[in-house]
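Asker: For the protein sequence lines, the chains are R and Z, in the order given. Every letter in the first sequence is one number past the one before it in this note's numbering, and letter 348, counting from 1, is 348. Every letter in the second sequence is one number past the one before it in this note's numbering, and letter 8, counting from 1, is 8.
A few of these clues could be false.
Examples of chain Z residues toward chain R, derived with CB under 7 Å [said to hold, decoys possible]:
1. Glu-34
2. Ala-38
3. Pro-62
4. Asp-64
5. Ala-114
6. Pro-190
7. Gln-264
8. Leu-269
Everything labelled a hint here was simulated from the structure, so no lab data went into it. All C-beta atoms, glycine included, are put in the ideal place defined by N, C-alpha and C.
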Amino acid sequence: MHRQDSPMKVSTNQAGILLALVVAVCAGCGTTPPASFRANLVEATKQRLTPDQERQVATILLAMFGTPDDPVALPETGLDEAKLKLCAGPVRSDIVGRKNGLYREHCAHCHGISGDGMGPTAAFLNPYPRDYRPGVFKFKSTERADKPTHGDLVRILHNGIPGTSMPSFALLSAVQVEALVEYVKYLSIRGETELALVRQYFELDDDAQGKLPETREFLVDEVLTPIAERWNGAADARIAVPEMPADIDMMASIAKGRELFYGDKANCVKCHGVTALGDGQANDYDDWNKAIVEWRKEVGGDKDSDWVSKANRVLAGDALRPRTIPPRNLRHGIYRGGRRPLDLYYRIHAGINGAPMPAAKGTVDPQDIWHIVNYIRSLPYEFDGELGVDRPMVAKDRF
Amino acid sequence: MTSRSLNWTHLVACLLVGVTAVLLSFGALVTTYEAAMAVPDWPATYGHNMFLFPWAEWLYGPWDLFLEHGHRLLGAAAGMVTLVLAAVSWRSDIRPAVRWLALAAVGLVILQGALGGARVLLDDKTIAKVHACTGPLFFAVAVAIATLSRRPAAAAAGSLARLPVALLVAAYLQLVAGAQLRHLDATVDPSTFHTLVGLHILGAVAVTVLSVVSAVVVSENGSPAARGWSRGIVVLVAVQMLLGAGAWMANWGLPSGLLPESWQWSEPLRARSLGNAAVVTGHVVLGMLILAATVVLAIEAGAIGGAQAGREAGDGLASGRVFA
Chain R
1 MHRQDSPMKV STNQAGILLA LVVAVCAGCG TTPPASFRAN LVEATKQRLT PDQERQVATI
61 LLAMFGTPDD PVALPETGLD EAKLKLCAGP VRSDIVGRKN GLYREHCAHC HGISGDGMGP
121 TAAFLNPYPR DYRPGVFKFK STERADKPTH GDLVRILHNG IPGTSMPSFA LLSAVQVEAL
181 VEYVKYLSIR GETELALVRQ YFELDDDAQG KLPETREFLV DEVLTPIAER WNGAADARIA
241 VPEMPADIDM MASIAKGREL FYGDKANCVK CHGVTALGDG QANDYDDWNK AIVEWRKEVG
301 GDKDSDWVSK ANRVLAGDAL RPRTIPPRNL RHGIYRGGRR PLDLYYRIHA GINGAPMPAA
361 KGTVDPQDIW HIVNYIRSLP YEFDGELGVD RPMVAKDRF
Chain Z
1 MTSRSLNWTH LVACLLVGVT AVLLSFGALV TTYEAAMAVP DWPATYGHNM FLFPWAEWLY
61 GPWDLFLEHG HRLLGAAAGM VTLVLAAVSW RSDIRPAVRW LALAAVGLVI LQGALGGARV
121 LLDDKTIAKV HACTGPLFFA VAVAIATLSR RPAAAAAGSL ARLPVALLVA AYLQLVAGAQ
181 LRHLDATVDP STFHTLVGLH ILGAVAVTVL SVVSAVVVSE NGSPAARGWS RGIVVLVAVQ
241 MLLGAGAWMA NWGLPSGLLP ESWQWSEPLR ARSLGNAAVV TGHVVLGMLI LAATVVLAIE
301 AGAIGGAQAG REAGDGLASG RVFA
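Whenever a hint applies, use it, and build me the whole structure from the sequences.
Answerer: Here it is in structure tokens:
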């Protein structure tokens, strides 16, 4: 009995599938090609790599990191390949609703398949989505030049970045957020490795004949490991924050903070302006945009016309129009890196990596940073009568 | 016999419009939640015959599975209703426009099902885009059949008819442009996306202008029904503009640079929130409803099927015995 009806069922299924495929072909759509990582052509062109050298970099990266559909994590990276697989590839889910392809579902249209910050929507967004490839992150609990900790990235995904288009992913499950954080690290480590490789050609001696050695010692020990170590050591680079005294006199602290804000040492006023409306020096770029601005100048002054035309092509197709980053208007009370006093402490202590905002570490002592934090937190209400410790300082709690 | 007085073609066509509206809404949700690949096989569902897939697992299982499998069941239902409609209209309805449209609907629904299948089997975004454009086309045909089969068509109103047809075409093209934005391939470069957004905004302007001009012209010399529909469309288009702006903001926030900084929200955007999904999906569904309304308007204004049907059906229509 069974034997009799199953061939029937299969054949209707097959007929359906056949019809579907015929229609697909008739609709004139060859299948969309599998996703691939985009080469960092800006850096490759800047370093004047030959096409052969560009191909060598691509081959090495393929071997070390795989593809967007099939990522590879060498043990030296410390990355968890199972988590990466959850994020990689096209979006799909299984019968219990476990979703794969998380990065392409939630992030790639802004941050790009390669994490280059050049997803389709990028040009419309201000600030531009982060380009992970230089491995520079802004909002974190570590010293300025250090990597964010795992927890920092989880926090960013959970809270989003208010005042920008970076959304909060608080509605995703913890497992998904964990996996996405791992994938961000993967794209960063991959991007940093690519940058390191591209810059290595400049250091080659004549014997190398313009080719990087494809040995484990060079690729893994010399290039990859130092990058991965900085990621895996991020937790050790956390900023030591002194307790804010519990019995602090808030009015006095704010007054002290104000003095520091306008003083020569902290000199916040230089950028954030005398009114703190962010109207001080406002024509500066962040590192990502500055790299393009400076390279544009370099291209403009170059004599080699072949290279110049290639560079112009790359600038048009692989870079976004540079935008300045204005200092924050501190009277809005919108903080991208989080609005806890502790977040502001981190921001002021370490500055904002990748942005012009400098670190106060070294010039302002730790207790004084708390005073500045208190002053910053009072700024949205400065004209709002006297401010007492008994009145909440966050607008949301007040009204 | 009662069946003599019942207009079966119209009834079945109305059922088809209803089923299709729900079907398209499910389709829009499938795209919003990126649930298209929640069922990897086709036409089976996880190895089960689609109709025999356990109900409990469908209704109480994962959300994505609920959407995708529900979309398939509704698609099958729409297909069956379409077949019935074709049979009924060929048996009883003497107006060629209705008959041929019903036949076209059969062709479209088969094509659409096959496209849906191909989209899943090949996991191909290009096919997904085509699938998203054929859906509203089918809906438009269903609405046309329902309208044409309702009652004797008005005589054609000459040049008046051209505007509603232009509006209909614009409304459809606008859905096509919207589908390109919705099924955004992450490998597309920013400049392509820029162009698509530009087209969609241009389309919005075109639809708005055409709907207003149609309403003005129709209100001067159209039938009362046409007047009502043309005004309704203007209202729907206005709401649609708001939803469109909402859809933008749900995905990308306030257009910074265009608005004062003090307008920035202090709260971040929330990916996958119910509100966002409702606004974005609502924008798609309303777009399809606007298309449907423009189809009705074009017919009421006499642009489609009017003159021809009027001539051929002649006295039969007037005496009300056509549907026997």
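Asker: Indicate, hint by hint, whether the structure satisfies it.
Answerer: Results for each hint:
no. : hint    : verdict
1   : Glu-34  : 5 Å, holds
2   : Ala-38  : 5 Å, holds
3   : Pro-62  : 3 Å, holds
4   : Asp-64  : 5 Å, holds
5   : Ala-114 : 4 Å, holds
6   : Pro-190 : 4 Å, holds
7   : Gln-264 : 5 Å, holds
8   : Leu-269 : 4 Å, holds
This entry satisfies every hint, going by the numbered hints stated previously.
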